[in-house]
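Given these sequences and hints, build the entire structure.
Each chain is listed here by its residues.
There are 2 protein chains.
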Amino acid sequence: MTMNESMHLSKQFDEDLTGLRTHVLEMGGLVEAQIRAAIDVYANGDTAMVKDIVENDHRVNGFEKIIDEETIHIVAKRQPTASDLRLVMGITKIVTDLERIGDEAKKIAKGARRVHENGQLTVPRATDVRHVADEAVEMLRKALDSFARLDTALATEVIHADVNVDTEFKALVRQLITYMMEDPRTITTAIDIVWICRSIERIGDHAKNVAENVIYIAEGRDIRHIGKEA
Amino acid sequence: MTMNESMHLSKQFDEDLTGLRTHVLEMGGLVEAQIRAAIDVYANGDTAMVKDIVENDHRVNGFEKIIDEETIHIVAKRQPTASDLRLVMGITKIVTDLERIGDEAKKIAKGARRVHENGQLTVPRATDVRHVADEAVEMLRKALDSFARLDTALATEVIHADVNVDTEFKALVRQLITYMMEDPRTITTAIDIVWICRSIERIGDHAKNVAENVIYIAEGRDIRHIGKEA
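Protein chains in written order, with my numbering: chain X, 5 to 234; chain G, 5 to 234.
Mixed in with the good hints there might be a few duds.
Unchecked claim - Straight-line alpha carbon distances no greater than 27 Å define the calculated DSSO-like cross-link-like pairs of lysine-lysine that follow:
hint : chain 1 : residue 1 : chain 2 : residue 2
1    : X       : Lys-114   : G       : Lys-174
2    : G       : Lys-111   : X       : Lys-174
3    : G       : Lys-81    : X       : Lys-81
Please keep in mind that the hints were generated in silico from the structure rather than gathered at the bench. Given the structure is predicted, the values throughout are model-derived calculations rather than measurements.
This is how it looks when you write it as structure tokens:
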């Protein structure tokens, strides 16, 4: 092989990796927009948007398939090693979490539609729910940023933020239980709101997983499960 | 390279793959035992077991790390292609689902302990909960079997079974809501049981994901999201 051919192959490889990273970020951007839209349905009652959110989830799933195919292609053809291999394997994991965030966005949208259709949104939790949702979206946004720049300090910030989302989630559920006890007629709607809160909490978990994979990609350290409680 | 060396390398590679598959099955067996134990805590009130379940979850997490490391090692050193590569990449996905099933088992165990400690298990759902839990465990068992034998017919069975678990889950939640409405004092415990049911439903989803990956490994077809509802 001449030097030129070798450089060409390497350039091709770089382009493959750049394409892969771009697709992950596009998928991440779409998923972030999906959560924001789903929370808007809940907060503003714009239930006409639910159809679009469900439609867009097919695009999220399409991204997952394409990125997984690209990953396999790169491993088979380019035989990456060291940091390139970590990038590719880390992306395989990240894409699964992004797809599941997309699922949660769809669930939030459908649950929010049920809440509004039941016409019982007297539960005074819309602001609180939006607050924890904003935190979860912020975790995702930072996790994607940390991926784009391989910024492990930012990824670490995301990992630490998850405990706040968990705490607020538990407080919301306690509030909703109190509400249900005071007025059992609201139980059905309150349970739907509990599911919405749960989905938000899961989004935080998935964003944390993304951030853990960014640290793995950047440093080769597997920091999952470190310091997990008993 | 002599023929002997070539055969030796290939034998080494086969041993790596066999070791990897064995570890996945060991992890799967452990996770299955964890769910069974967690459901026993709920059904029988043997809350002393919760500590063991939480301890064992560290073993589950340890398996995930080891298998991910083995996967990376195999990709880097053996440069697998075609079906070998699909096996390795499929395992990367499967292990994530097994780890999350382990998390759900831990959540079930802790939730069941809260239910029994609150001393309010008058909710007549223990049999129904066990029934859907048995179905989810059966899905996991079959998914692992289908992985062990690369049996796509069995994997397809698992994928179809998920809708039953989802339906039973929804019916259980409806029953629990009725129960809460009739006697609001049970709401706190009923919500804990709702979470337990939710975890069981998630185990079904994860088992389905494992089965989808078995089909991908065996046939190279990515059947995720096919026929998903709108």
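Results of checking the hints against the structure:
1. X:Lys-114 - G:Lys-174: Distance of about 15 Å is within 27 Å: holds.
2. G:Lys-111 - X:Lys-174: holds, 14 Å
3. G:Lys-81 - X:Lys-81: Holds, at about 15 Å.
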